[in-house]
Amino acid sequence: MKKSILSFVFGGCSLLSMAQKAWVEPDPINPNDSITIWVDLNKCLDFGGPALATTTDDLYMWTWSPFEHKLGHPLHNGTWGASNDALKMRNDGNGLVYFRMVPTQFYEVSAGSIYANPIKLLVKKKNGSDDCGGSECKTEDLEIKITAPVTGPRKLYCFPNLKTKDTLSINSSDVVTIFYDRNLETNDTLKDKEDFYCVVKARTGLTETDFVFYVNGDEIKAADRDVAGKVPQMKMKNYGGGKFGFTFIPSKLFSGVNPSNQKILSIKYKVMRGYIRKQYDWVEESPEYWFNTVCN
Amino acid sequence: MKTKFNILTIALCCALSAISCKRDKKELGDRPSQTNGISGTWVLSRVDQIDVNVEVAFRESDTLLSVTEAILTGNPMEITFDKSSSNFTTKAGDGIEFFETTLGSWAFDNADYPSKVILNASQSNEATYNLVKPVRPQDSYLVLKYNKMCGNQRTVSYHLWYSRK
Numbered sequence: 414m415k416k417s418i419l420s421f422v423f424g425g426c427s428l429l430s431m432a433q434k435a436w437v438e439p440d441p442i443n444p445n446d447s448i449t450i451w452v453d454l455n456k457c458l459d460f461g462g463p464a465l466a467t468t469t470d471d472l473y474m475w476t477w478s479p480f481e482h483k484l485g486h487p488l489h490n491g492t493w494g495a496s497n498d499a500l501k502m503r504n505d506g507n508g509l510v511y512f513r514m515v516p517t518q519f520y521e522v523s524a525g526s527i528y529a530n531p532i533k534l535l536v537k538k539k540n541g542s543d544d545c546g547g548s549e550c551k552t553e554d555l556e557i558k559i560t561a562p563v564t565g566p567r568k569l570y571c572f573p574n575l576k577t578k579d580t581l582s583i584n585s586s587d588v589v590t591i592f593y594d595r596n597l598e599t600n601d602t603l604k605d606k607e608d609f610y611c612v613v614k615a616r617t618g619l620t621e622t623d624f625v626f627y628v629n630g631d632e633i634k635a636a637d638r639d640v641a642g643k644v645p646q647m648k649m650k651n652y653g654g655g656k657f658g659f660t661f662i663p664s665k666l667f668s669g670v671n672p673s674n675q676k677i678l679s680i681k682y683k684v685m686r687g688y689i690r691k692q693y694d695w696v697e698e699s700p701e702y703w704f705n706t707v708c709n
Numbered sequence: 584m585k586t587k588f589n590i591l592t593i594a595l596c597c598a599l600s601a602i603s604c605k606r607d608k609k610e611l612g613d614r615p616s617q618t619n620g621i622s623g624t625w626v627l628s629r630v631d632q633i634d635v636n637v638e639v640a641f642r643e644s645d646t647l648l649s650v651t652e653a654i655l656t657g658n659p660m661e662i663t664f665d666k667s668s669s670n671f672t673t674k675a676g677d678g679i680e681f682f683e684t685t686l687g688s689w690a691f692d693n694a695d696y697p698s699k700v701i702l703n704a705s706q707s708n709e710a711t712y713n714l715v716k717p718v719r720p721q722d723s724y725l726v727l728k729y730n731k732m733c734g735n736q737r738t739v740s741y742h743l744w745y746s747r748k
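As you go down the protein sequences, you meet chains U and C in turn.
For the first sequence, my numbering assigns the number 414 to the initial residue and increments by one for each residue that follows.
For the second sequence, my numbering assigns the number 584 to the initial residue and increments by one for each residue that follows.
These are computed hints drawn from the structure, not numbers from a lab.
Accuracy of the hints is not assured; some may be wrong.
The calculated EDC-like cross-link candidates involving lysine to aspartate or glutamate, where the alpha carbons are at most 16 Å apart (straight line), are [unchecked claim]:
| no. | chain 1 | residue 1 | chain 2 | residue 2 |
| --- | --- | --- | --- | --- |
| 1 | U | K691 | U | D608 |
| 2 | U | K538 | U | D459 |
| 3 | U | K533 | U | D505 |
| 4 | U | K656 | C | D645 |
| 5 | U | K681 | U | D631 |
| 6 | C | K728 | C | E680 |
| 7 | U | K665 | C | E652 |
| 8 | U | K648 | C | E652 |
| 9 | U | K558 | U | D579 |
| 10 | U | K648 | U | E621 |
| 11 | U | K558 | U | D440 |
| 12 | U | K434 | U | D554 |
| 13 | U | K665 | C | D677 |
| 14 | U | K434 | U | E481 |
| 15 | U | K643 | U | D608 |
| 16 | U | K576 | C | D645 |
| 17 | U | K576 | U | D440 |
| 18 | U | K650 | C | E652 |
| 19 | U | K665 | C | E680 |
| 20 | U | K691 | U | D639 |
| 21 | U | K650 | U | D579 |
Simulated coverage check for chain U against chain C, where a stretch passes if three residues somewhere in it have a Cβ under 8 Å from a Cβ of chain C [what the hints assert, rightly or not]:
| no. | stretch |
| --- | --- |
| 22 | 571-582 |
| 23 | 587-598 |
| 24 | 656-665 |
| 25 | 701-709 |
Ideal Cβ placement from N, Cα and C applies to all residues, glycine included.
One chain only, chain U, in its complex shape (with noise of 0.2 Å):
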């Protein structure tokens, strides 16, 4: 998501970025079908990441989760002194670099497996051993997490449905529909209520306090408790068989409280009783959903 906000907001440049070393591409991805493995070798700071990023030799992929392959395997990492040629990753530039690759494929593993294990890499020159200004030739170990797609029934989910793991393909001018499945509740205070509202706020900026709202829902003051009297446009319509869902427009719902207008990027929510009696009287959980911002 970080890298989508990158290119949405910014085209190409935003601070969440920043923190990025290594991510795959598509988000999510099928680990049967064809990945991007991309690394910024900008953003690798020990070792010898700085060298590397600024290096016109070959640089190699070295890797060892979900699988390593054993020695005499044709994709086997190959010794610390000289890399596997068919590890060797390509060069996009400005210090970034990526592997193409089937994960399935090139680790012999399961999806499971790619799910399970985090893919964990890290980039050398082909002799590991070299001298870049004083360390070895590599960067330090690089994760990158395979979240698996979300199955089956959902406690919280939105329609439309997520287009990628936590982006909508539509804007904020668009209705969505924020869904609460009472049924796979595990919080017991909540198991026999019906009085829900889906407290909402929306982001505005890419700070933790870059948000416009009437009830700060993941900060319940004392003021706050009576839910129903403070936000009752935010109450979930009861669809029967233990779901309720609250339908709007993020654009129309915070008009009061964006008075400038500022572009919606997110919103975040949770669920929670029209009158706050104790901490268990909301969803443990507070999703975010972030927008399309590339076309209005």
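Chain U is already provided as a structure; the job is to place chain C on it using the hints.
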């Protein structure tokens, strides 16, 4: 002899009833004109949202959800199609955001077998709406499909249900 007579009587009755039940041939008549059907004023009365990201749907609710309550909170928009001038006009109201162009010309993609309504054809503000179902003179609803695009990607669709005014 009596048995033969009975058989003959039954056969005669069957023949007579078959003749009497024979239906008259009916003519199909002229095909209802959808140009006549769409002509008039329509009021937006229901909106369904279509999730275009669902790859496998087991129920209609996996891909379609009524969002009428979120869209129609006040006076609904209206649209009028005039068949003689081939012009359309709109009256502002809830749901007008589905129309980038609010007046101009209209046409079907095919006058005899229409599947689309094209507003302001061949102009810079041309907009196309699929007909979700036929709109004959006897139909109470006009259902248009609005596809929201981002570049050449469809991000979401809406079915706009209009009631005849």
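Here's how the hints hold up against the structure:
1. U/K691 x U/D608: holds, 15 Å
2. U/K538 x U/D459: holds, 15 Å
3. U/K533 x U/D505: violated, 21 Å
4. U/K656 x C/D645: holds, 14 Å
5. U/K681 x U/D631: The given pair, whose Cα atoms are some 9 Å apart, holds under the 16 Å limit.
6. C/K728 x C/E680: Between C/K728 and C/E680 the Cα gap is close to 14 Å, so the pair holds against 16 Å.
7. U/K665 x C/E652: Holds: U/K665 and C/E652 sit about 13 Å apart, inside 16 Å.
8. U/K648 x C/E652: holds, 13 Å
9. U/K558 x U/D579: Roughly 15 Å between the alpha carbons, so the hint for U/K558 and U/D579 holds.
10. U/K648 x U/E621: violated, 25 Å
11. U/K558 x U/D440: Since the Cα atoms of U/K558 and U/D440 sit roughly 11 Å apart, the hinted pair holds (cutoff 16 Å).
12. U/K434 x U/D554: Holds: U/K434 and U/D554 sit about 10 Å apart, inside 16 Å.
13. U/K665 x C/D677: Holds, at roughly 12 Å.
14. U/K434 x U/E481: Cα-Cα ~22 Å, so violated.
15. U/K643 x U/D608: Holds. U/K643 to U/D608 sits at ~14 Å (cutoff 16 Å).
16. U/K576 x C/D645: holds, 14 Å
17. U/K576 x U/D440: Holds. U/K576 to U/D440 sits at ~10 Å (cutoff 16 Å).
18. U/K650 x C/E652: Answer holds: U/K650 to C/E652 is near 11 Å, not above 16 Å.
19. U/K665 x C/E680: holds, 12 Å
20. U/K691 x U/D639: Given pair U/K691, U/D639 holds - Cα atoms ~12 Å apart, limit 16 Å.
21. U/K650 x U/D579: Given that 16 Å is the threshold and the Cα spacing comes to 24 Å, the pair is violated.
22. 571-582: Holds, because 6 residues of the stretch 571-582 of chain U bring their Cβ atoms closer than 8 Å to Cβ atoms of chain C.
23. 587-598: holds (count 3)
24. 656-665: The restraint on the stretch 656-665 of chain U holds, since 3 of its residues have a Cβ under 8 Å from chain C and three suffice.
25. 701-709: Answer holds; 3 residues pass the 8 Å Cβ test.
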